[in-house]
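Participant: Protein chains in written order, with our numbering: chain Y, 1 to 83; chain W, 1001 to 1495; chain F, 2001 to 2096; chain E, 3001 to 3137.
It is worth saying that the hints were derived from the structure and are not from the lab.
Hints may be right or wrong, so weigh each one.
As the list claims (entries may be wrong) - Here are the simulated BS3-like cross-link-like pairs (lysine-lysine), alpha carbons at most 27 angstroms apart as the crow flies:
id, chain 1, residue 1, chain 2, residue 2
1, W, 1432, F, 2069
2, W, 1366, E, 3133
3, F, 2069, W, 1366
4, Y, 77, E, 3133
5, W, 1366, W, 1440
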Amino acid sequence: MIPGFMIMGYIFMFTALFGSILALIQRDLMKSVILIGLEGLAVAFLYQTLRAPDVGITQAILGAALLPGIFAITVYKTRREEE
Amino acid sequence: MNYENFFVPALLVAFPLISAICLNFIHGKDRAVKGFAFLSIIVVLLLPWITQYGVYWFGGHPTVENLEGTNIMLSKLNLAIVYNFGIIQKIFIALLALLASAAILVHFTERVSGVYTAMIMLGIASASAVIMADDVFNIFVFLEILTISQAALVIAVGSVRAYKTAIKYLILGGVAGSSILLGIAILLGRYGMLNVSDLHKVITVESQVGISHALIVACALIFIGWLFESGMVPFHIIKSDVYSKARPSVGAFMQTQTKFVLVALWVIILRLFYGISTFNALILGVSILSMVFGVIMALRQTEFTRLLAYVAVAQAGLVGVGLGIATEASVSASVFHAINDALAMAILFLSASIILQITKTMDLHKMGGLLWKSGLVPLWSMLGIFAVSCMPPFNTYQSEFRIISAASQAGYPELTVIIILTSIATFVALIKGFYSIYLKEGQDYLSAKEMDRTPYSDRTEYVMLLLLAICLAIGLFPQNILQYIQQFVSSIGVI
Amino acid sequence: MYEKFFEKIKQGEDIAGAFTGDYQMILLVSLGVLVLFRFFASTRFAMAAAFIALLVVLRALPLVFKVSKEHSDTFDSMLFYFALTIGLVIILLGGI
Amino acid sequence: MSLETLFQPMCFLTAAALVVVGLYAVIFMDNLLKKIIGVTLISDGVNLVLITGGFNKIVAIISPEMYEQGVKSTAFETLTEFPEFAAQAAFPLPSALVLTSIVISVSIFAIMLALAIRLYQHYNSMSCSVIFKEVDE
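Using the sequences and the hints given, assemble the complete structure.
Facilitator: Here it is as structure tokens:
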């Protein structure tokens, strides 16, 4: 019987990978910033399933909230569409 | 309080970090910044000389003995971060502090920027941590901080070209830093430890059976990080760009950092990966390429700081040649050359700083005729050119002569030809720059009569004189430093 | 070859530096081939190979302008050489 | 091979894929923001490699059987629940390393993005082919 946290882990891996690929193929930069936040969050939960909860919390704050925030400010200050 | 054990090596890293944080906070209050900067310069200059030699264990955890009933391979295991502080480290850190204080003092005039001084302090702290640390992850952390501080010093210039250089440097630095971290992750996953001495013992035991593929991949990844930090061949363009876009006095400081980090990081990767057969040949090839390309590009430049930057890159390549030959004589000669050449290049960068103050430009086509306008500076910079291109009474002659003789003894007679031609080409490039700045005639600003009133900083000239005196002293009595370097090289134990 | 240099003189470029750089390139290529073949093959073969390399280089003169064209500050070329190096280093060290 | 034993290799594969995608973005994407996103992906992937290496005692400082013996030796007799805990616990060193490296990388990205805004204000474009075009000023 496969433990539940491993199923969650597979889902998070899938989310991280496809979030990153989708973020790179977006033309709209705001969408790609949101997808980067999704990827950071998925990696944070993946840290949690890999028995490193402290790193998970830090990654959730820095990688999933602060970093997309700075990216969003950058997109807001520059242009939104990729030329 | 126990004063005997107060000046530990960790203070050499901790003090500049603390002072950088304080300077950041008091940015804007000019007099406070000035006083604090002056104080921290004095302390930073003094600290290497009063720190005790020896090994420093963070947290007071020295080593643990073999645990009963477990299968730990080592008889002794370091538990925390370890710093080594010997005579070579003392020389390196003292020179770094000297050039950093020169970089601060040259711009110590009306308004002193707190953040700018803080970044130079950060540079001292990170470079001295890389020089002393015996722990792979600590080195990664401080290499990243070094990248940030160098980029910040480039940003401080404030032009769009500087921003472009800085963002290129940061992106490449981020990728190269990640490459180092991936190499560390592979080492950690395979051996479960981070201390270089412990890893050295384990890898020595393991390599009697055979070199594993994981070790080779880790070597390749950390080697790429070494290439970036030392400005070897694919990164010589961005490294010279960074030197030339920063202020010339900061350029003098940054090339010193690069040369010392090159040597320190090389010692660590050699201790880890000496078993791989093509490792030394790879370092030798990369160094020859960066030496030759650096000097060729120096010949083609029309901007004086860029010319000096490419010469600095080429001299770093010369240091790498000695390290790649990897005999005891060649390695000690090239560690000696790293020290000498950092001093000699600093003279030229500081003269560029004076020229920038006078003419406000660095383009060689727009300069000329400064010979009788700038006091005795042409004489000092001519002596500096002699020092960089390895002329006899100076210190670089001693070290380059030793590199050449070590190369021919080690069975690379072809290398000697390339090294000699490189130093000739360096001389040609620098004389070309000297001619364009001081001797060429017919520029508009000479007739405008503004030149007579343009002041330049006396302090820079004094620092140049001090550096020249050190160069001459080392050149006349090379054995005084070389004996310590030979002890250091034989203490590495794998050459 | 003389004409190529003459064109560059007309464009106002510095020629003394270019000559020195060219000698450097010739020496680098021929001596580099010499060292490589001396270590991986016999000495006699190495001398022949170095001679051939010298001839090839002399036909392709002037090399300096090509080299300095590759050393541009554009980000693309930097990243290209970076990617090239990652591959080459792993191959040369004998992994994979 | 069940999904359970494949979990750790799959994590390694995800990390490798993140690094490869990031490298692709850094080398081939034209937009400056996408290049920076590529650097974040690379650093995420490398951190994931470190954490995954610490999971499940793949870190081989001690062989597992000898570890069990050591844990069951007389030194740990009083700690009754300790062997069970030690058999499940992750290696703690990578967590400490990753914390540091996350903080450093976020600070680097903040500087990069600030520079990107400045460059956009000057060139009015985020495209690398416009910004890094070689022009003699």
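Participant: Look at each hint and say if it fits the structure.
Facilitator: Each hint, compared with the structure:
The straight-line distance between the Cα atoms of residue 1432(W) and residue 2069(F) is roughly 21 angstroms, inside the 27 angstroms bound, and the hint therefore holds. For the hint pairing residue 1366(W) with residue 3133(E), the CA-to-CA distance comes to about 24 angstroms; that is within 27 angstroms, so the pair holds. A C-alpha spacing of about 23 angstroms is found between residue 2069(F) and residue 1366(W), which places the hinted pair at or below 27 angstroms, so the restraint holds. Simply put, residue 77(Y) and residue 3133(E) have alpha-carbon atoms about 22 angstroms apart, close enough for the 27 angstroms limit, and the pair holds.
Note on residue 1366(W) and residue 1440(W): the hinted pairing holds, with a Cα-Cα distance of about 10 angstroms set against a maximum of 27 angstroms.
Hint compliance for this structure: no hint is broken.
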